[in-house]
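> Chains as they are written, first to last, in our numbering: chain P, 1 to 926; chain B, 1 to 137.
Treat the hints as calculated values from the structure; they're not laboratory data. Mixed in with the good hints, there may be bad ones.
Okay, the calculated bits of chain P under chain B, using three or more residues with CB under 8 Å as the criterion [stated by the list, open to error]:
1) 701-708
2) 722-728
Label-pair distances were calculated between CB atoms; the ranges are [unchecked claim]:
3) P:Thr707 - B:Gly107: 25 to 31 Å
4) B:Gly107 - P:Thr202: 52 to 58 Å
5) B:Ser62 - P:Asp873: 50 to 56 Å
6) B:Gly107 - P:His153: 25 to 31 Å
7) B:Ser62 - P:Glu673: 50 to 56 Å
According to the in silico footprint, chain B covers these stretches of chain P (three or more CB under 8 Å from chain B) [what the hints assert, rightly or not]:
8) 34-44
9) 649-658
10) 792-802
For glycine and all other residues, C-beta sits at the position ideal for the given N, C-alpha and C.
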Amino acid sequence: MTPVVAILALFGLTGVLLIAFGERLGRSSLLAATVAPAVSALWVCLRLPDVLAGPVVSEHLSWVGGLGLAVDLRLDGMAATMTLIVSGIGVLILVYAYSYFDADTADLGRLAGLLVLFAGAMVGLVQADHLLLLYSCWEITSVTSYLLIGNTHTDANARAAALHALLVTSTGGLAMLGGFVLLGHVAGTYRLSELAAGAPPTAGAAITAALGLILLGAFTKSAQYPFHAWLPGAMAAPTPVSAYLHSATMVKAGVYLIARLAPIFAAAAVWRPTVLAVGVFTLVAGGLRALRQHDLKLLLAFGTVSQLGLMVVLFGVGTPAATAAGWMLLVAHALFKAALFMVVGVLDRQTGTRDIRELPALGERWRPVEIVSAVSAASMAGLPLAAGFIAKESAYGSLMDASFSASDAVLVAVVGGSMLTAAYAARFHWGAFISPRRRARTGSPAPAPSVLFTAPLACLGVLTVLLGAVPSVAGRLATAAVQSLDSAAGTVHLALWHGLNAPLALSGITLTGGTVLALANRRTQRVLAFGGTVPRADSAYLGLLHALGATARRVTAVVQNGSLPVYAGVILTTAAVLPAVALLRSLDWPGWPAVGEPGDVPLAVLLILAALGAATTRRRFSAAVFLGAAGYAMAAFFVAYGAPDLALTQIVVETLSTVVFVLVLRRLPERFERQSSVRRRVLRFAIAGVVGATVFVFAIVAVGNRTTAPASEEMVARSVPDGHGRNVVNVILVDFRGFDTLGEITVLAVASIGAVALARVGRRNNSAEPRSRPIEDPGVQRIVFVDVSVHVIFHVVMMASVWLLFAGHNQPGGGFVGGLLAGAAITLNYVAGDIAEVRARSRFRPWTVLGAGLLLAVGTATFPLLTGGAVLDVASRSVELPLLGTVNLTTALAFDAGVYLAVVGVVLMAYEAFGDAASAPAEIAA
Amino acid sequence: MTILLAACAAGLFAVGTYLVLQRKLSRIIVGLGLLTHGANLLLIGSGRRGNPPIIGFSDVGSFSDPLPQALALTAIVISFAVTTLLLALAYRSWMLTQDDEVEDDIGDRDVARASVLEEEIHDQETAMTDGVLDPAP
Numbered sequence: 001m002t003p004v005v006a007i008l009a010l011f012g013l014t015g016v017l018l019i020a021f022g023e024r025l026g027r028s029s030l031l032a033a034t035v036a037p038a039v040s041a042l043w044v045c046l047r048l049p050d051v052l053a054g055p056v057v058s059e060h061l062s063w064v065g066g067l068g069l070a071v072d073l074r075l076d077g078m079a080a081t082m083t084l085i086v087s088g089i090g091v092l093i094l095v096y097a098y099s100y101f102d103a104d105t106a107d108l109g110r111l112a113g114l115l116v117l118f119a120g121a122m123v124g125l126v127q128a129d130h131l132l133l134l135y136s137c138w139e140i141t142s143v144t145s146y147l148l149i150g151n152t153h154t155d156a157n158a159r160a161a162a163l164h165a166l167l168v169t170s171t172g173g174l175a176m177l178g179g180f181v182l183l184g185h186v187a188g189t190y191r192l193s194e195l196a197a198g199a200p201p202t203a204g205a206a207i208t209a210a211l212g213l214i215l216l217g218a219f220t221k222s223a224q225y226p227f228h229a230w231l232p233g234a235m236a237a238p239t240p241v242s243a244y245l246h247s248a249t250m251v252k253a254g255v256y257l258i259a260r261l262a263p264i265f266a267a268a269a270v271w272r273p274t275v276l277a278v279g280v281f282t283l284v285a286g287g288l289r290a291l292r293q294h295d296l297k298l299l300l301a302f303g304t305v306s307q308l309g310l311m312v313v314l315f316g317v318g319t320p321a322a323t324a325a326g327w328m329l330l331v332a333h334a335l336f337k338a339a340l341f342m343v344v345g346v347l348d349r350q351t352g353t354r355d356i357r358e359l360p361a362l363g364e365r366w367r368p369v370e371i372v373s374a375v376s377a378a379s380m381a382g383l384p385l386a387a388g389f390i391a392k393e394s395a396y397g398s399l400m401d402a403s404f405s406a407s408d409a410v411l412v413a414v415v416g417g418s419m420l421t422a423a424y425a426a427r428f429h430w431g432a433f434i435s436p437r438r439r440a441r442t443g444s445p446a447p448a449p450s451v452l453f454t455a456p457l458a459c460l461g462v463l464t465v466l467l468g469a470v471p472s473v474a475g476r477l478a479t480a481a482v483q484s485l486d487s488a489a490g491t492v493h494l495a496l497w498h499g500l501n502a503p504l505a506l507s508g509i510t511l512t513g514g515t516v517l518a519l520a521n522r523r524t525q526r527v528l529a530f531g532g533t534v535p536r537a538d539s540a541y542l543g544l545l546h547a548l549g550a551t552a553r554r555v556t557a558v559v560q561n562g563s564l565p566v567y568a569g570v571i572l573t574t575a576a577v578l579p580a581v582a583l584l585r586s587l588d589w590p591g592w593p594a595v596g597e598p599g600d601v602p603l604a605v606l607l608i609l610a611a612l613g614a615a616t617t618r619r620r621f622s623a624a625v626f627l628g629a630a631g632y633a634m635a636a637f638f639v640a641y642g643a644p645d646l647a648l649t650q651i652v653v654e655t656l657s658t659v660v661f662v663l664v665l666r667r668l669p670e671r672f673e674r675q676s677s678v679r680r681r682v683l684r685f686a687i688a689g690v691v692g693a694t695v696f697v698f699a700i701v702a703v704g705n706r707t708t709a710p711a712s713e714e715m716v717a718r719s720v721p722d723g724h725g726r727n728v729v730n731v732i733l734v735d736f737r738g739f740d741t742l743g744e745i746t747v748l749a750v751a752s753i754g755a756v757a758l759a760r761v762g763r764r765n766n767s768a769e770p771r772s773r774p775i776e777d778p779g780v781q782r783i784v785f786v787d788v789s790v791h792v793i794f795h796v797v798m799m800a801s802v803w804l805l806f807a808g809h810n811q812p813g814g815g816f817v818g819g820l821l822a823g824a825a826i827t828l829n830y831v832a833g834d835i836a837e838v839r840a841r842s843r844f845r846p847w848t849v850l851g852a853g854l855l856l857a858v859g860t861a862t863f864p865l866l867t868g869g870a871v872l873d874v875a876s877r878s879v880e881l882p883l884l885g886t887v888n889l890t891t892a893l894a895f896d897a898g899v900y901l902a903v904v905g906v907v908l909m910a911y912e913a914f915g916d917a918a919s920a921p922a923e924i925a926a
Numbered sequence: 001m002t003i004l005l006a007a008c009a010a011g012l013f014a015v016g017t018y019l020v021l022q023r024k025l026s027r028i029i030v031g032l033g034l035l036t037h038g039a040n041l042l043l044i045g046s047g048r049r050g051n052p053p054i055i056g057f058s059d060v061g062s063f064s065d066p067l068p069q070a071l072a073l074t075a076i077v078i079s080f081a082v083t084t085l086l087l088a089l090a091y092r093s094w095m096l097t098q099d100d101e102v103e104d105d106i107g108d109r110d111v112a113r114a115s116v117l118e119e120e121i122h123d124q125e126t127a128m129t130d131g132v133l134d135p136a137p
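Pulled out of the complex, with its shape left as it was, chain P reads as follows (with noise of 0.2 Å):
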């Protein structure tokens, strides 16, 4: 196993273990999810020398070989950053979370568990090479999401979010596994590293809907308009949550998509406009909105949005320069906004309350979080020293330098947006810690939260800080992982001062009007009042559900409208019509076979006959009648055929489903009454004609356009040496096709219990029946002459059924019919005794003979395991044996045996069920 690989696996067995088992750790198992994340973090760091010399360090695990389906896995520069922000902020989230849930919280061991499954899916999404690999992690952490976003089950709210986030992602996620294929199919290749290095074409309808597809799926992880809605209503998810996944990396994954392809398709036609126009939308709309919030961890949600689009525009450009501001922006933002949220939680918390109009004044010991807040809202807004600031110099000097069509409309929107954001950022803070302490005091003051509580935090703000002000530390893994994007690119310079440029005056620009919107708060408010009367993005949402409703309903009404013959019509309709349409446009007529043997004509005309009978009798015994004659006719044509096997199968089936017919039937109504309207039996008739019709074609064209020797030539030349036997059909279900026997015999197992269940159900007495009535019971009327002749005849039919048996692997015979026979005998019994009778003379109960049949045949086929062979290996001997002479036995006779006590046990279950005379419906009902 390879360490990646083992990574993983250690994520998948942690979380479950914790979902499984973690409840009794309770709050501890917070802690102990933090292992996983710790040590992928870890082996990035011991690798990130390799990564940053330049060398990829990929990996390889083959897993559906036939269909190229593989694991590979690379970790580049991308991937290591990506690997780093989810392994470390992971830990650090974690350890939050321990402080931020109460000892007693319910399920802390689920949340644990889901928490480190999202962890590693993540991972690996991010070091998936391969686009069925990425795509599959793509959907583990769609389900995680939406697990952890409805944890508090027993709220509506956070049930009704978190399905809305699972529509939206999980409907974009298949958009892009579309185009992942239709990429795949186009450039030959699923492999992301692959895609990079060739050339694949950028033009073309193909090319085109893939991207749209994808896109389609990056734009509804990364909640870009006009899909962002469910971001924000995931916020009813806990705090640790929606800091882990709703901001710093889940959300990222599109803006990761986008980065990974956008160097190899920013030519395509439809890419830039599609993406900038989207990003540059989102950018905007999520400020406008995050600047309304009171609450705050909502500011944060549409601040996120509002980022996301930013990401999303700066990776999408697909320049070495814009990707690297892209890259700056999001590990600054996976900083600050992480960070942020954490804030949020701890006010919560302590406070009770994140509303800017309720939050009370906090207290000195409050510092170190007013502080992280400071920083953090800084880095957001973009002031110098925070990693933010970085990030957006870096922007505008790429977007400035760029030199596609609109750049200059892009760069003037991007600074407008950046002014929301630094005035929602000051927003933010201001609302937080320092407009509270103009209010009066009232109460005890809000207790301070504690050191663990705390750290995590503040080890994102020192990171902040660090990045802010000597970015040079960063700068060799952004040289790797641009690189690793875009091959063209160069080394990256970060750098905190670059001398008086364009870009440090847009800064200040967008500093000043950030400010001067959260200065002029009242007025800024009044105007974005008027963003409420824009029809919202919810509404379409809601409005789509409730079509699929209505739809859903429809279309169940129609399919699903409880008429079994409706049902019927559409099945057979569907069988015959398909095949025959299938059959028509590509018919290869092989020309009239052969009329048929004369003698075949009188069965025929028999068969048709009983059949059209059965058809148009009223008397339901009619029709027993006629089928039974059919089966009869249909033994002759088998004798005719060459297949005496079949021919004393059907025989003896014949008999007693005609038998098993007539315990039924007289209990029913003699005749049919009701007859269907005209209509109706135009259609049955119609229906039936098209499937008569498709069967003649079908039957000819497939037997005509035969190109390959039967398989059964070599069955029968290995019948013998290999099988042991000289009858080949015997061979054949006892060896060759073994397997099938035992599926068999199982469904005939089955259907017999059920039989029984279904026409015993809701009698009593069960227990109370006594296993044999004594014969001289006067309860019965018997004959003394059918008595004698089926004692004497009894024992003569089961003989010969064991002799079928026995013979049955040289001479037509075998188990089933060995079985069906003394069935027969059984019969014979019920004629002389009715019921009693028969469980007199069965020393087993019914269920017995049928399950020690079904065991005696599968410990037969298993039983060579044992020794090292294969399933159903056949051993063989010949013994003498009394009255049947030499027998060749072999292990497939005690196969046989199994079938033939299995089909004992059938017969022996349907006397069971209807041979009762007892069970009238007054009785039930009683």
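Given the coordinates of chain P, work out where chain B should sit on it, guided by the hints.
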């Protein structure tokens, strides 16, 4: 496969289909029996006609095809078990209603009419209106 055999199979399928499309269980069961016969004829007809495939009984070259026979044999016994199960259904139906008519499924009708989805959508609406609304300025 001869024309006669194909015609027989087609006839059995047609009559079987006609019966399966009815509402009386006994008729459906008879119809299924006829469909089984038709299918078995197709199976047998797809192989060669000849002497019983028993080694030593006649020349190997003159054998009928044993594989479709094995398949058909299985089908015959299975159809017996299925017939038993369906007859049990008819029996049960008789115990409950004194008849073997298959009525329309009331549950399915309810699904078609009722509003199982309404509640889910209602949840969503509540969440949207009191969750993520921009507050009044």
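> Decide, hint by hint, whether the structure agrees.
Status of each hint after checking the structure:
no., hint, result
1, 701-708, "holds (count 3)"
2, 722-728, "holds (count 3)"
3, P:Thr707 - B:Gly107: 25 to 31 Å, "violated (49 Å)"
4, B:Gly107 - P:Thr202: 52 to 58 Å, "holds (54 Å)"
5, B:Ser62 - P:Asp873: 50 to 56 Å, "violated (31 Å)"
6, B:Gly107 - P:His153: 25 to 31 Å, "holds (27 Å)"
7, B:Ser62 - P:Glu673: 50 to 56 Å, "holds (53 Å)"
8, 34-44, "violated (count 0)"
9, 649-658, "holds (count 5)"
10, 792-802, "violated (count 0)"
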